[in-house]
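In case you want the letters, here they are:
Protein chains: 2
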Amino acid sequence: MVNHMTGELLLMIPGPTIVPSRVVRAMSAPILPHRGKVFSEMYMQQIERLKKVFRTSNDVFILCGSGTAAMEAGLANVVGEGEKVLCLVNGKFSERFKEIADNFRAKAIVLEFEWGKAIDPIKVREAFLEHPDIKAVTMVFNETSTGVRNPVKEIGEIVKNTNAIFIVDTISALAGDEFDTDGWNVDICAAGSQKCFAMPPGLAFISVSKKAWKAIDSTDSITYYLNLKQYKDDKAHAPYTPPVSLIYGLKESLDIIEEEGLEKRNERHRRLATIVRKEAKSMGLEIFPASEEVCSATVTALKVPDGIDPAAIRKTMLDTYGIVIAGGQAHLKKSIIRIGHMGIVGEKEIYATLECLKKTLDALRK
Amino acid sequence: MVNHMTGELLLMIPGPTIVPSRVVRAMSAPILPHRGKVFSEMYMQQIERLKKVFRTSNDVFILCGSGTAAMEAGLANVVGEGEKVLCLVNGKFSERFKEIADNFRAKAIVLEFEWGKAIDPIKVREAFLEHPDIKAVTMVFNETSTGVRNPVKEIGEIVKNTNAIFIVDTISALAGDEFDTDGWNVDICAAGSQKCFAMPPGLAFISVSKKAWKAIDSTDSITYYLNLKQYKDDKAHAPYTPPVSLIYGLKESLDIIEEEGLEKRNERHRRLATIVRKEAKSMGLEIFPASEEVCSATVTALKVPDGIDPAAIRKTMLDTYGIVIAGGQAHLKKSIIRIGHMGIVGEKEIYATLECLKKTLDALRK
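Listed in order, the protein sequences are those of chains W and P.
1 is the number of the first residue of the first sequence in this note's numbering; add one for each residue after it.
1 is the number of the first residue of the second sequence in this note's numbering; add one for each residue after it.
A few of these clues could be false.
No copy labels: a pair is met if it fits in one copy or bridges any two.
Dumping the calculated DSSO-like pairs for lysine-lysine here, alpha-carbon to alpha-carbon at most 27 Å [to be verified]:
1) Lys359 to Lys37
2) Lys315 to Lys235
3) Lys334 to Lys37
4) Lys232 to Lys160
5) Lys52 to Lys232
6) Lys92 to Lys37
If you are wondering where the hints come from, they were derived from the structure by calculation, not from laboratory data.
With the sequences and hints as input, model every part of the structure.
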């Protein structure tokens with residue numbers, strides 16, 4: 001039995017991920033006054049460095065909150081009450097955009113796709129023909145709930161020729177899979193600290209294009225804490241006290257990302273994903289997504305063999321091996337497991353996980 | 001010249017405050033899966049302990065965000081579009097409640113009081129006679145911008161006999177000054193980690209009374225990330241990924257608070273405030289608040305002598321002594337300085353600050 005509070009669990013969930021000791025140490029530095037010059041300069045530098053990870057020349061802001069805060073900020077600043085939002089839904093997180101839109105009384109037009117399949121750009125084109133007054137389009141790049149990687153580039157090609165603002169959640173992929181904010185015409189991109197950045201949870205990142213600013217400036221948004229206009233007014237400081245120690249952690253995390261190189265980092269994630277799929281198949285497990293082509297680089301969803309309860313797999317993995325993997329969400333709770341391979345994990349963690357998964361399945365099959 | 005990044009600045013601002021090394025070490029523990037049993041139990045325990053600090057049997061929730069997030073959560077969950085909010089304003093932070101109300105199109109009725117004076121309960125009584133349909137009353141207990149402590153208890157006595165929800169920001173005082181959520185009839189109380197709790201910024205706390213829940217349940221709130229209904233649904237977990245390492249820090253911070261004892265901790269803050277006022281007067285500085293009776297226990301605002309720029313005082317304090325004090329906000333920028341004495345500071349830090357302030361003033365007067 002692993003002592004969870006003092007032992008070192010191997011976190012193979014799709015976030016939060018393992019935090020490198022360098023980042024932990026960086027976060028231990030004394031608190032600086034958040035309105036002082038030294039902190040402000042450091043803060044602005046991290047924003048410039050984040051832009052390189054986003055591959056954008058747009059504004060980027062750091063929010064104190066979970067990834068959901070960035071999703072709400074993206075949508076609630078752009079779309080007013082009664083305005084149309086096209087929500088592309090094929091999993092739990094893309095569904096969340098719809099819930100957010102409903103909450104502040106926007107008019108959500110939902111295009112549903114089967115969980116496990118990728119979003120189909122043709123349907124998006126059709127939706128625009130039917131609703132030329134769509135104000136924003138929301139989608140998730142890397143659907144954490146299903147392990148599906150969606151065609152952001154293709155949909156960006158469609159949205160860029162409309163008046164709609166293209167809002168993408170790349171929370172569980174940025175800094176772990178190729179993502180090109182500007183090249184793919186993403187107006188608002190939401191990311192978070194606790195996934196591929198290998199930081200603790202608590203920071204969310206958001207990029208805002210010129211096209212998005214026009215929509216924001218003409219929207220009388222109801223949100224206060226997440227109001228992007230407040231962030232725009234003074235870029236040298238966060239409008240509300242930022243989580244200082246997490247910003248230190250971000251600096252170290254960006255050091256690590258730059259040392260590895262963004263492309264190499266993305267390649268590593270793709271390589272690990274390939275290993276997971278190959279080995280999982282060799283032990284008789286099917287991948288949940290519809291095809292290899294749509295599989296995520298950072299999280300792999302696997303179907304559980306008939307007669308085995310995903311909860312039992314997770315329990316054995318945790319209790320016997322100290323390895324944490326994720327289950328399915330919503331209607332997938334009884335049918336899949338998910339292995340996160342994001343952040344700083346490498347081959348050794350992947351092989352440890354797969355070997356222990358194999359032994360777990362063997363034990364449960366007996 | 002102090003090296004701000006590696007040296008240990010003496011933070012005497014009204015938040016963020018110095019973080020004890022015990023808390024820093026606690027935050028270095030490996031990340032636990034946030035939906036796992038071990039983390040969930042630890043999380044719920046901290047909520048129970050927070051209730052003791054709030055002195056409440058109401059629900060308490062932990063938000064990932066700054067104190068402003070808790071202020072918005074308090075107001076936006078309770079008051080709908082067009083409904084009346086009585087905003088008691090005598091400083092920058094009480095003004096913020098009004099801005100939040102305006103933002104989501106509630107009808108703010110503002111009772112303004114001179115900055116430096118306390119809120120007058122008689123005016124509140126009059127406002128209720130004029131507007132019996134007030135849905136909520138907002139106020140700040142410890143107005144950080146002016147160093148004024150407002151009569152929450154007296155106003156609570158008025159509000160409790162109405163249908164209005166009493167929303168109080170005690171961000172810069174809770175765990176440093178006497179505050180009795182239930183005894184003072186506070187329906188919603190907002191607090192934060194980076195003030196008297198002596199933690200890094202990033203967590204906000206909010207308590208919700210039964211009376212407030214009724215209002216929340218009958219309000220179709222537009223906020224999503226800060227929607228309290230989502231927190232109520234599953235008290236064993238935060239609805240969105242919580243900042244795990246900060247929760248570890250909170251546990252340690254609550255250990256320290258319990259070891260010292262809440263009452264002793266409040267006494268210490270009052271004692272330090274008394275020393276600051278006495279010594280400041282002895283060096284010819286006037287306190288900014290209208291009287292000793294309304295002075296805060298956690299932050300002291302002092303008038304700057306004619307002909308001296310507050311910015312020059314702060315610069316010398318920082319550059320020569322490595323001590324950070326705060327300036328005034330809004331129209332008080334040119335006329336006051338503020339010394340925070342909250343969290344883990346004691347006599348030694350207070351005397352260091354006052355002695356260096358004296359030398360700074362002497363130097364600037366030459």
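Status of each hint after checking the structure:
no., hint, verdict
1, Lys359 to Lys37, "between (55 Å within a copy, 24 Å between copies)"
2, Lys315 to Lys235, "between (46 Å within a copy, 23 Å between copies)"
3, Lys334 to Lys37, "between (53 Å within a copy, 19 Å between copies)"
4, Lys232 to Lys160, "within (23 Å within a copy, 40 Å between copies)"
5, Lys52 to Lys232, "within (19 Å within a copy, 39 Å between copies)"
6, Lys92 to Lys37, "between (41 Å within a copy, 22 Å between copies)"
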